[in-house]
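Colleague: In order, the protein sequence lines correspond to chains A and B.
No gaps in the numbering here: position 28 of the first sequence is 28 in the working numbering, and each next residue is one more.
No gaps in the numbering here: position 4 of the second sequence is 4 in the working numbering, and each next residue is one more.
FYI, nobody ran anything at the bench for these hints, they're computed from the structure.
Given the structure is predicted, the values throughout are model-derived calculations rather than measurements.
Computed footprint of chain B on chain A, listed as stretches where at least three residues anywhere in the stretch have a Cβ under 8 angstroms from a Cβ of chain B: (1) 75-83; (2) 93-107; (3) 122-134.
No more than 30 angstroms apart at the CA atoms, straight line, and that leaves these computed lysine-lysine pairs for BS3-like: (4) A:LYS199 with B:LYS105; (5) A:LYS138 with B:LYS105; (6) B:LYS105 with A:LYS200; (7) B:LYS49 with B:LYS62; (8) A:LYS193 with B:LYS105; (9) A:LYS138 with B:LYS33; (10) B:LYS33 with B:LYS49; (11) A:LYS138 with A:LYS193; (12) B:LYS33 with B:LYS105; (13) A:LYS138 with A:LYS199; (14) A:LYS138 with A:LYS200.
Note that the Cβ used here is the ideal one computed from N, Cα and C, for glycine as well.
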Amino acid sequence: MRSDQPAILAEELSKRYFLHGGGAQELKAALLSLPSLLGSNGRARHDFWALRDISFSLRPGECLGLAGPNGSGKSTLLRVLAGISRPTSGRLVLNGRASALLELGAGFEPRVSGRENALLNAVLLGLSLSEARAALPKIIEFSELGEFIDEPMRTYSSGMLVRLGFSVAVHVRPEILLVDEVLAVGDAEFQRKCFDHMKKLRADGVTIVMASHDLPSLQRYTDRVLLLEHGQVVLEARPAEVIHAYLLRVFGEETAANPIMGIPR
Amino acid sequence: MLQKTTSRGGAITVRSAGRTWELLYLLTLRDLKLRYQDTALGLLWSLMKPLMLGAVLFVALKRFVRIDVDDYHLVLLTALFPWVWFQTSVLLATPSFASNGALLKKVPFPRVVLPLATILNSGIHFVLSIPVLIIMLAVSGRHPDWTWIIGVPVLVVVQLGLLVGTLLLMASLDVFFRDLEHLTEVFLSLLFYMTPILYPLEVVPDAWEPIVLINPLSSMIEAWRDLFMNNQLPGLDLWPAVLFMLGSLLVGSQVFRRLEPAFADAL
Numbered sequence: 001m002r003s004d005q006p007a008i009l010a011e012e013l014s015k016r017y018f019l020h021g022g023g024a025q026e027l028k029a030a031l032l033s034l035p036s037l038l039g040s041n042g043r044a045r046h047d048f049w050a051l052r053d054i055s056f057s058l059r060p061g062e063c064l065g066l067a068g069p070n071g072s073g074k075s076t077l078l079r080v081l082a083g084i085s086r087p088t089s090g091r092l093v094l095n096g097r098a099s100a101l102l103e104l105g106a107g108f109e110p111r112v113s114g115r116e117n118a119l120l121n122a123v124l125l126g127l128s129l130s131e132a133r134a135a136l137p138k139i140i141e142f143s144e145l146g147e148f149i150d151e152p153m154r155t156y157s158s159g160m161l162v163r164l165g166f167s168v169a170v171h172v173r174p175e176i177l178l179v180d181e182v183l184a185v186g187d188a189e190f191q192r193k194c195f196d197h198m199k200k201l202r203a204d205g206v207t208i209v210m211a212s213h214d215l216p217s218l219q220r221y222t223d224r225v226l227l228l229e230h231g232q233v234v235l236e237a238r239p240a241e242v243i244h245a246y247l248l249r250v251f252g253e254e255t256a257a258n259p260i261m262g263i264p265r
Numbered sequence: 001m002l003q004k005t006t007s008r009g010g011a012i013t014v015r016s017a018g019r020t021w022e023l024l025y026l027l028t029l030r031d032l033k034l035r036y037q038d039t040a041l042g043l044l045w046s047l048m049k050p051l052m053l054g055a056v057l058f059v060a061l062k063r064f065v066r067i068d069v070d071d072y073h074l075v076l077l078t079a080l081f082p083w084v085w086f087q088t089s090v091l092l093a094t095p096s097f098a099s100n101g102a103l104l105k106k107v108p109f110p111r112v113v114l115p116l117a118t119i120l121n122s123g124i125h126f127v128l129s130i131p132v133l134i135i136m137l138a139v140s141g142r143h144p145d146w147t148w149i150i151g152v153p154v155l156v157v158v159q160l161g162l163l164v165g166t167l168l169l170m171a172s173l174d175v176f177f178r179d180l181e182h183l184t185e186v187f188l189s190l191l192f193y194m195t196p197i198l199y200p201l202e203v204v205p206d207a208w209e210p211i212v213l214i215n216p217l218s219s220m221i222e223a224w225r226d227l228f229m230n231n232q233l234p235g236l237d238l239w240p241a242v243l244f245m246l247g248s249l250l251v252g253s254q255v256f257r258r259l260e261p262a263f264a265d266a267l
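So that you can see chain A by itself, here it is in the shape it has in the complex:
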């Protein structure tokens, strides 16, 4: 990777959804809506812009936070960056191997063992089969599942499931990491493990985009934060500044004076 190139370059990314009359889920609906689509005076399709003109550039090794209320477009932006969802307009360039952790343990099959799921999940998240095989012992060790690793996953508690999902995620070594909220689950000890991992990734020079509602962790781990509202960037600044502005919008003057203490309990 050439260091003078941005790891991520987004230029005026926009994403539009149709709320009604768009993708018909039934043939009947499609046939019924055909005349209105063809005719000019049919029912208007209701546009919803989940993202609007999002532009930013990220240097290799930088960590960008995404903040904003529910429905502000954080997850949509991550999906677009991951290539899962196609932007309606705009330009996106990624330099480096990207890995998206939008959900821990996505694709786990409850009827097969944790070991088999871990291997498939690692390949699904971006490792090659040989890399995944090599990483498997470390994944199992990190998960602390012991002999349960060879039991079918339907016998796992939700905590164990998350543990294995995270262990796989840790061992996928991307150059660009896209994380959605996933680190905010699990018990205190598990959280500490997650945070240690984030620190290590940053030290290794991984470019990270993380969406979170957890303002203290945004402050601790990111270099810059985009504050999103209604799919638009309302502020791009250092974490402390963005958190202050965010809390100001939510709670008003006095609470925002002390960002960390100002978080509602």
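With chain A fixed as given, assemble chain B onto it according to the hints.
Modeller: Quick look at chain B alone, frame taken from chain A:
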């Protein structure tokens, strides 16, 4: 490993081909284990299904209706085994994108592996059931010869290609029109009677033969039967199946390529 991805309101992430194969391998292996897991008879079920269907049809048509065809049980079975591969693949692979919405929305991976793994899985069950056919044929004094070494792979490739092309199209469309799953069920039972499975092509009256042969499955099922029963290599008669295979691969891959970027938003 350097990967450069550009999307200008268009192209979606391009991923390495090697990883697609590895993912396909792992998924097929997993599904192979899963299909008959926790059943007492396991893999035997993939033999039992065509055999039992064959037995019922044999009694009904040979003993009751008294259809006048020699070795009728072989005529039935040599067509039923490849048919079951076709039918299971269509039924299971058509919803393969639509029923994996959670995964498609959360993980970027080559989506094409989902229907492919299902088709391959059923295909492996078919290939594993060929020894049973050999035993049945041997009982009637028919023995496979060298033609099988060429014929089986050729016909497997044709049927595989036909299934991949057709199902890329159907599975992609199913994301947007879930009606397709019900439509295929109806269409499959129709196709079962329109294809020379219950009857060999030679009992079809001349006037009707062109209509039966329009169906690309007819020439393929007949080719399987000729190979299994008469050690006869597939020849020029196979052209409708080959033509349909090439056409469906072309259309299926294009439709898939066009619709794939919209899967995550539609589910």
